[in-house]
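K.L.:
Please take these sequences and the hints and turn them into a complete structure.
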Amino acid sequence: MGDYTAEELQSIFIMQGFSGLSLFSVLLLMGLGLALIFGQMGVINMAHGEFMALGAYTVYLCSNITEQFFPAFTPYYFVITILVAFVVCGLLGAFVEWLLIRHLYHRPLDTLLATWGLSLILQQTYRSIFGAREVSPRLPDWLMGSFTYGDVDIPINGVFVLGLSVIVTGSLVYFIYKSRFGLKLRSTVQNRSMSGAVGINTVKVDRLAFALGCGIAGIAGAAFTTIGSTGPDSGSRYIVDAFLVVVSGGAASLLGTVGSAFGIAQAQSILEFFLEGTKGKVATLLVIVVVLMIRPQGLFPSKVRSH
Amino acid sequence: MPLFLKTLFKTRGEAIGFIAFLVLVLVIFPLAMPVFRLNLVGKYLSFGFVAIGLVLLWGRCGVLSLGQGVFFGLGGYCMAMFLKLEASDPESTSIQSTPGIPDFMDWNQLTALPWFWEPFKSLPFTILAIFVVPAVVAFIIGWAMFRRKVGGVYFAIITQALALIMSLGIDGNQGYTGGRNGITDLRTLLGWDIRTEDAQYTLYFLCVVLLALTALAAKYIINTRLGRVLVAVRDQEDRVRFSGYDVAIVRTSVFAFAAVLSGIGGAMFVLQVGFMSPSIIGIVPSIEMVIFTAVGGRLSVMGAIIGCLIVNWGKTAFSEAYPDAWLYLMGGTFISVVMFFPNGIAGLAEKFPRIRSLIPASVTERIKGMATKKTTKTVSDGQ
Amino acid sequence: MDSSDQNILEVEDLGVSFDGFKAVDGFNFYLAPNTVQVIIGPNGAGKTTVLDLICGKTAATEGKINFQGKELRGEREYRIVRMGIGRKFQNPSIYENLTVFENLELSHPRGRGVFGCLLFRRTEEVMDRCLSVAKTIGLDECLDQEAGILSHGQKQWLEIGMLLMQRPKVIMLDEPVAGMSVKERTKTAELIREISKDRSVIVIEHDMEFVREIADRVTVMHMGQVISEGSMERVSNDPKVIEVYIGH
Amino acid sequence: MMMVLSMAGLLAGPPTEEVNTTGLAVTDDTVTVGQLHSATGTMAISETGSIQAEQLAIDQINAMGGVLGRQIEVIKEDGASDWPTFAEKAKKLLVSDKVGTVFGCWTSASRKAVLPVFEKENGMLYYPTFYEGLEQSKNVIYTGQEATQQIIAGLDWIAEEKDAKTFYLIGSDYIWPRTSNKIARKHIENVLGGKVVGEEYYALGHTQFGSLINKIKLKKPDVIYAIVVGGSNVSFYKQLKAAGITSEKQTLLTISVTEDEVLGIGGENLVGFYSAMKYFQSLDNENNKAFVAAFKEKYGEDAVIGDVTQAAYLGPWLWKAAVEKAGSFDIDKIAEVSPDIELTTAPEGYVKIHPNHHLWSKLRIGQWGEDGQAEVLYESELIEPDPFPEGYQ
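Protein chains in written order, with our numbering: chain A, 415 to 721; chain B, 55 to 437; chain C, 294 to 541; chain D, 9 to 401.
Rather than coming from a laboratory, the hints here were simulated on the basis of the structure. Take these hints with a grain of salt, some might be off.
Said to hold, decoys possible - Restricting the straight-line Cα-Cα distance to at most 25 Å, the calculated cross-link-like pairs of lysine-lysine (BS3-like) are:
1) 693/A <-> 203/D
2) 360/D <-> 341/D
3) 693/A <-> 228/D
What the hints assert, rightly or not - Covered stretches of chain B (in silico footprint by chain A; criterion: 3 or more residues with CB under 8 Å from a CB of chain A, positions within the stretch not fixed):
4) 222-228
5) 253-260
6) 293-304
7) 342-353
Just so we're clear, the structure is a prediction, and the values are computed from it rather than from any experiment. Glycine included, every Cβ here is placed at the ideal spot set by N, Cα and C.
P.N.:
Below you can see the structure in the form of structure tokens.
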């Protein structure tokens, strides 16, 4: 890299740093909903990606409606759409919990299989409704530009996703550790029968938690329309990454999810910069697997007395 | 010998079922089907090896691996490498810049055979590799994880990541592996054309016989003390550990054994289908292998094989008629199997499979006899 | 203190901490052959953790565990078992869908390797051993019953029987009589006295009546440490013990 | 009886036993063909257009009286984006259904999987996708372009037009992008005297291109040469745009974006970038106008037509021409007469089958506009297909 000036190297350094941050926020958004569902409830939701795709399709529908009926609203609709995606996915999540998940709480590995079946059905549903082709929601122009300072370009959509993931993480942490519901959730996770005995409606807690996790997946899917594709299979592209983030974080802690998303994002970002594409990804995955083999409890486990 | 048979089949029904299955695949199918369909059945049955492995590993021992495709792939690639080398003799590859190496290597500017391909010129080595490579890989992975008590969901996710790594790794090194296209256009095995109808009949019967032997081996294992230990590890891990068993090595061994079975399945797949590609070993196929097993019955060896046949046959038949409905049907079947018939088709056949399969019928009488009067007949000491 | 060459198990300065919380701290414990030694103490005193540390389920952060001259710290659980230490859990952990006979048979120490399991045969010796253990624990009438349908007390005895199958030199029992009827408790006490004839038994127990019945020696734990040790008489008059129990 | 049969034969076309000597599924008034694409799975996105175009051509041929007086009947099979399934279905079509020909496949991997089946069972495949070359078979007619046709003229144009010296090659990680980039690199280095400053590949389905984009910014190539496919495409172009790499600052030439892909990427994210294709929907000629109108009539106003869709549309027509020239449905005869068959009614203009079973065709450069259509800026002469290019291997 001898041909570059110090300034050029510096601006690349800044942009690469941001690219790592941006990947971090993407992984975090993917992982949060899953961390809640998997970490707190022990349910493995293989259809998580399909909930993300639903969020993305919600954006697509909303963008079509906006363009047709309220064209003047086009620059702003996106922000509201994210909330709509949250609600839509949350409702579907609650329904799925009622239909499937609640019968399987005592069989965690089977939730994996049942939700895999669900993901097949959802994928085919998207295909029947929206067609096999990928669709492209019309995004506001302000979202697709970049902030430029000299040689440094910072993508606005990256900043947007980063900001969104900070907000979602913040709200979730507040919700779980400060709110009344969060208290109920945590107590249900720790001791289901005792919680029931002290008057917590554990059925409702489970349903709300699952719906919340799915809703967050919807937010993630909506946000990802700015950086990725919207198609019937879009979700399946994210699922493995999302699981690895949650598992390497130590399933039970949100802090762990944040930490592992950061670690994986930095590793991938740096490895991809210095290695060629696929090799960077394979190297990242190998690092994660080896780390998990050495520290199966994840990077940030919550230590408890064995029982 | 009767004792041996009793170890294989605990009830008369089991024995009859097994014989009925043999009649179905060895006599009825070959008579009733054109060779094209029979070849398809052979392909489905090659997944039966994986399913048997999963019955031991997942159904019995409670370890769900979402990475069985990796081992299927290892076995399959070993076989495919041998066949590809045989198909790439200097004569038939004379238009290449470097004749005598597989075509995809030539396209990727390789000018010599990579070192790890060399031994696959030998059939004995290849056959050995089909067994040893999956076993060693599984043993290393299993040992690393089980020794640290990684299990359940974590193991499932990590093995899924392995499936992803393997398929990405093959994609990314196409000069050495054939990449995404895989290793195609396989023709002969020691000069014997595997694409002819005769060969396909022969390979079908070879596959069925191997599968039947594998099924017997699995049934044998299930009915020995090892089989009971597997279930015990699944249900009462700590108790087993504190009865002095090394749980890690038990799990690792059954994982390695399941891997070997998958490898054999992969090799049979390649022989019958005529190519190998990373699309058969990634995340989705690996989960599908679990699906076969679950639908057939995760506890039952024969159930899992039947599951392979039914799911794959359904896939072929329904996707021919209603490609759209197929995914709904597949997803729906799967959800309902998990929710309502966790022991699959085999579970429907027996009323209480969990209990039945664990209490050998003969034991009751033997103990009764033992408890009341001392047995006089001598039993050979197994140690 | 007994002289060390007579002790079968010697634990010195044992300690473990979870996230900075010292569950067991500077724990010393000496076990003589063929005795029943009971560990008592209020909830959270670290009693179960001590058993976990000895049998290798939890890794100690400091101290020594010497069993017949061999250091147990760092050994894997199954090796500790094979050396001769058996452990029963608080809740009965038996194989519910196997018969009593099969439960005992599975605990037979022969053929515990993978290949050993494959080659294991139900020999005369195995059957005799199962039968004699079943007699000891009073389950010889229900050998062909499925273990899941046994009463709570019978399940506890079965698990003790499963330990006996391995001929251990030390047996550790975690609250063996919790939830038992008076009759079952008496029977359990007899059983413990019986099996301690040729091995040592460590028992964790809350029930003082029961402790009085079985204990040769008593160790009192509080906050992860030993605060008193000796005969039941001695510890029950120890002011420190009284303070702990009344304060509690 | 014979009289009646031959009478009927005279009215409808030549008698079956004459035109079908190998037992294909040909009756006195029908001929059955197969269609083998992915209707489900990840490739369904791409293959839908081909399925539609082939169906359209078949409908049109049937409306004109069919082939040798026989109506074409289609058996549709789903390859489900899974290569073993492709092989299985191909075998079924050839062995069980005895179809007269097959229109199908999209990816190289699916073609490689079915090729041995077609060669062994002696079937005929019309393959629509532009691809990497390095293949030639008696049993396949390649109606898309092979790599040199698509790459060389395009690179020549961009080098001259933009005075480009440095190139950054990017591809999805499989054989077509890798082989294409290999040819591109040789051409850039040996013929154009330029320099390749970067070459890398990302797994299909990769969605994060941040690091790659920074590398591009560091190297500042004159041209980005992109062969990214599938869902990755969308992420790649959206992230390029967001990082400020737009056509005002950067020239980008791709050989993997057609009107189909633009639908998913969004025209606004591609504005000003170039694609090198033999066909664009906006082509201004009578054939194409009629084709586009017919396509939209059948599949709706919003339907778009990409390069492969058009190539797929050629398949049934080329087969019809070959059957009529041979006067027979026999595969061997079709293969024999196929060279030099011409089609003057092709939407892309004039095409001719080369003895190597590929098509002579032109290359066009299109520049994408916000509406998802390309403006054709350049059109080459007819280029001879050369699947085994000397000096490029």
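K.L.:
Which numbered hints are broken by the structure, listed smallest first?
P.N.:
5, 6
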